[in-house]
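So you can see what is in the structure, the chains are spelled out below.
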Amino acid sequence: MMKTILSKSSKFGIVAGIILIFCEMINLTSTLAEILEKLFTGGTAAKNAITPFYMGLVVGLIVFFTTINFLRTRNSQKKYSFGQGFFAAITISIVSGLLISLLNIILGSYLVNGKDVRVYLEALAPDVIRAFLFQTDIRQAVTYYFMSTILGSMAALILFWISQKTNQPAKSVRAFTHLKEKIQIGRAFERYPAIKTVLILLLIIAFLLLPLVINAYTISVLGIVLIYAIMGLGLNLIVGLSGQLVFGYVAFFALGAYTFGLLTAPKPFGIEMNFWLALLVSLIVAGIGGFLVGLPIMNLRGDYLAIVTLGFAEIVRILINSNLMADYTGGPQGIKNIGQPIQPSIFEKYFGEPLEDNVWFLYLIIFVFLIVLYAAFRLQYSRTGRSWEAMREDETVAQACGVTTSSYKVLAIVIGAAIAGAAGALYASRNTYTGPSEYAFMVSVNALAVVVVGGMGSIPGTLLGAFIIKGLPELLRDLENYRMVVFGALLIVMMIIRPEGIWPVKRRKLSVAPESIEILKEDLKP
Amino acid sequence: MTKKPSYVLEAENITINFGGLTAVNDVSLQVPFESIISIIGPNGAGKTTFFNCISGFYACDNGTVFFQERPINGIPTDEIANLGISRTYQNIRLFTNMSVIENVLIGQQPRLRSTCIDTLFQTFRNRREEKQSIQKACNLLDFVGLGAYADDVANNLPYGAQRRLEIARALGNNPHLLLLDEPCAGMNPHETSAMIELINTLRSQLKITIVLIEHDMKVVMNISDSILVLDHGEKIAQGTPDEIQSNQKVIEAYLGSGTENLVEKYSRRKADKGKLD
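The listed protein sequences correspond, in order, to chains A and B. Each residue of the first sequence is one higher than the one before, counting from 0 in numbering that gives the first Met the number 0. Each residue of the second sequence is one higher than the one before, counting from 0 in numbering that gives the first Met the number 0.
Derived by calculation from the structure, the hints in this document are not laboratory data. Hints may be right or wrong, so weigh each one.
[Claimed, not checked] Using 25 Å as the maximum straight-line C-alpha spacing, the simulated BS3-like pairs for lysine-lysine come out as follows: (1) A:7 x A:164; (2) B:248 x B:264; (3) B:217 x B:269; (4) B:130 x A:505; (5) A:520 x B:217; (6) B:217 x B:248; (7) B:248 x B:269; (8) B:217 x B:206; (9) B:130 x A:195; (10) A:508 x A:195; (11) A:520 x B:130; (12) B:130 x A:508; (13) A:266 x A:348; (14) A:195 x A:505.
Bound-form chain A, shown alone (with noise of 0.2 Å):
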């Protein structure tokens, strides 16, 4: 038994120490310890002189979560008393200890030795050594590592302890479980459907004047992060709904956001269209080269769309990109002084002075995304959106319970296409300038990125996965270069909790009281 305890909690404290040694390596251990200062002190934190506490809290914390999930993984029929769970706890912050203990003899054997190690690791400064090193000697910084790996284990220990021997949820917690059976929120809905409506009107009102409360920066971010609702939702229609998988969607974007640019711009045509008229040339447009897109695999079972859209997107990118359709499209300097919407002279009667320009864009978009919010939500609750769901389920039965799979293949595609035609002309005159280093293969991967985070045909997790996707980075800003990491981390970790996506699709409930037979057999006449 001990022989198993200690083997098992040797592997895990090697796993801490790993996770240590690597967080060290790329310097994400100074720069989390920083961040704490800076949360707890109020932003007064050096670069250069980190305090030793909250480095040896980093570290810490690491073996701690170690810890605690080495504890919990035992069945619930066995449990651990405690003098094995302070064994293995020792073993783990003593393995883990010793490792992250080696590592910084050599990286301060080398400081010593005025060696720089910045050329093999980039991230490692002197300055970042000597934090690594508490600020103090070889010597001494390894007495305070093993103290805080000890420390995090022991912490880890006693706090598992202690919910074992309460073995009940705490009282707060218990008490929340209790309200939220008291209210039951969805059987109020049931009830009087007029609370969900009232609720829902609240959240347009609040959402319609946030425009008006934040700021030039948020303001930004917000635009994108709607304008990637708006292809989410078109591509939830395809993917989510239709179970089709479309690799090159931003193939799509591009189409409609080339096509206004064309349409408003001064050069090379000249025609600068109204906006409105250009928006619904250029949603066709796409829609039109999703039905060319949609015509050889209509009839074809499988994943050939993905391969057939990724080749799209990449010819429709090559060729703005080309010498050939530099005439028309600009080659690789794109087109400039893309038309924007003229503000109507509405706003000024009632504001007094007309909205800044960025405010009254952000409210288009607005507008733009709860007309497609309000079509997705039609077609996924209808016979159309049931086809597709069906399709997605089993494409052999839905067609012999007479669903005409390949028109209704090329319909998803079609409107998703259109969707994203609109979503592209709506992002190329907010930027007023369109080029094709922006329709790279990447946007194709993060709006899939959106529909499958936020939970695949479903409407608010798509919402939600569009605010994850483009919103959640620019939150994270101030982990500057890691936050691509950290946000990895991130949706490795949502998609183990919550493999189905973050808001899974609820079935509707749809039930009536039933007839009689009589009516059945009049019904079934055929």
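Assemble the complex: chain A is given as a structure, and chain B must be docked to it using the hints.
Quick look at chain B alone, frame taken from chain A:
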């Protein structure tokens, strides 16, 4: 008014080859109105292949299938569903992540007319049709005894209920002909007798013609008007349950050759039983 055709379904000399293997060889079948026809045979006899040919999953290499005197060879499955042929599957194939009522609504697809434009603008036609189809779905679910499950996810239903749901879904397009592929497979005696009752009501109340494949002889002998026996893709017998029970070829197909004595024994015992009664 055209005169009523004499048969719902007529399959004439159906042959289906898979490469060198002849799965169904020159099989003919006539299905009169409001009858229940069973197809039986050992495993691999070509029963399901024959079914797949009728419902349009496979094209037959030779022969013709007439549905109400109209040839339906090579027509895609969705159009066959439009014509009024529905089927269920040997291994249950529901839309597992959709709710029970949504499954039945999909079954009504051929009878719905509203387009996605109607949906987007929420036209009168769309509202009325949606309401009617939901009502019909609930009636159907109530008919097969799943009214209480309507809003559950199909995957969570118990096994027997999933079989019933498949039948409810198949009824959605107002079928003339219902093809049931092993409706009682894997059921306990209680569920089996409930299924027999359901199939009988389908015919007596809703006037639907039924062709079924089944291995459970109790079911087959109980409800069939006529039985078609296939072995190695060939039709070896057709007749009423009594005729099939005493047919030498059928017994050989199931038990192997050299069973003449068995047949005699069986018929003698049957005769004895008759005397006793």
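Hint by hint, here is what the structure shows:
1. For the hint linking residue 7 of chain A to residue 164 of chain A, the alpha-carbon distance of about 24 Å falls within 25 Å, and the restraint holds.
2. Note on residue 248 of chain B and residue 264 of chain B: the hinted pairing holds, with a Cα-Cα distance of about 16 Å set against a maximum of 25 Å.
3. Note on residue 217 of chain B and residue 269 of chain B: the hinted pairing holds, with a Cα-Cα distance of about 16 Å set against a maximum of 25 Å.
4. Proximity of residue 130 of chain B to residue 505 of chain A is assessed by CA-CA distance (about 21 Å); at most 25 Å being required, the pair is judged to hold.
5. For the hint pairing residue 520 of chain A with residue 217 of chain B, the CA-to-CA distance comes to about 29 Å; that exceeds 25 Å, so the pair is violated.
6. Restraint check: the Cα-Cα separation between residue 217 of chain B and residue 248 of chain B comes to about 20 Å, which is no more than 25 Å; the hinted pair holds.
7. Between the alpha carbons of residue 248 of chain B and residue 269 of chain B the distance comes to roughly 19 Å, so the proposed pair stays at or under 25 Å and holds.
8. For the hint pairing residue 217 of chain B with residue 206 of chain B, the CA-to-CA distance comes to about 23 Å; that is within 25 Å, so the pair holds.
9. Under the criterion of a C-alpha separation no larger than 25 Å, the hint pairing residue 130 of chain B with residue 195 of chain A is consistent with the structure, at around 21 Å.
10. Of the supplied pair hints, the one linking residue 508 of chain A and residue 195 of chain A holds, its CA atoms being roughly 15 Å apart against a limit of 25 Å.
11. Proposed proximity of residue 520 of chain A and residue 130 of chain B is supported: the alpha carbons are some 18 Å apart, at most 25 Å.
12. Restraint check: the Cα-Cα separation between residue 130 of chain B and residue 508 of chain A comes to about 13 Å, which is no more than 25 Å; the hinted pair holds.
13. Annotation: proposed proximity of residue 266 of chain A to residue 348 of chain A is violated, straight-line Cα distance about 34 Å (limit 25 Å).
14. At roughly 16 Å between alpha-carbon atoms, residue 195 of chain A and residue 505 of chain A fall within 25 Å of each other, so this suggested pair holds.
Of the numbered hints given earlier, the model fails hints 5, 13; all others are met.
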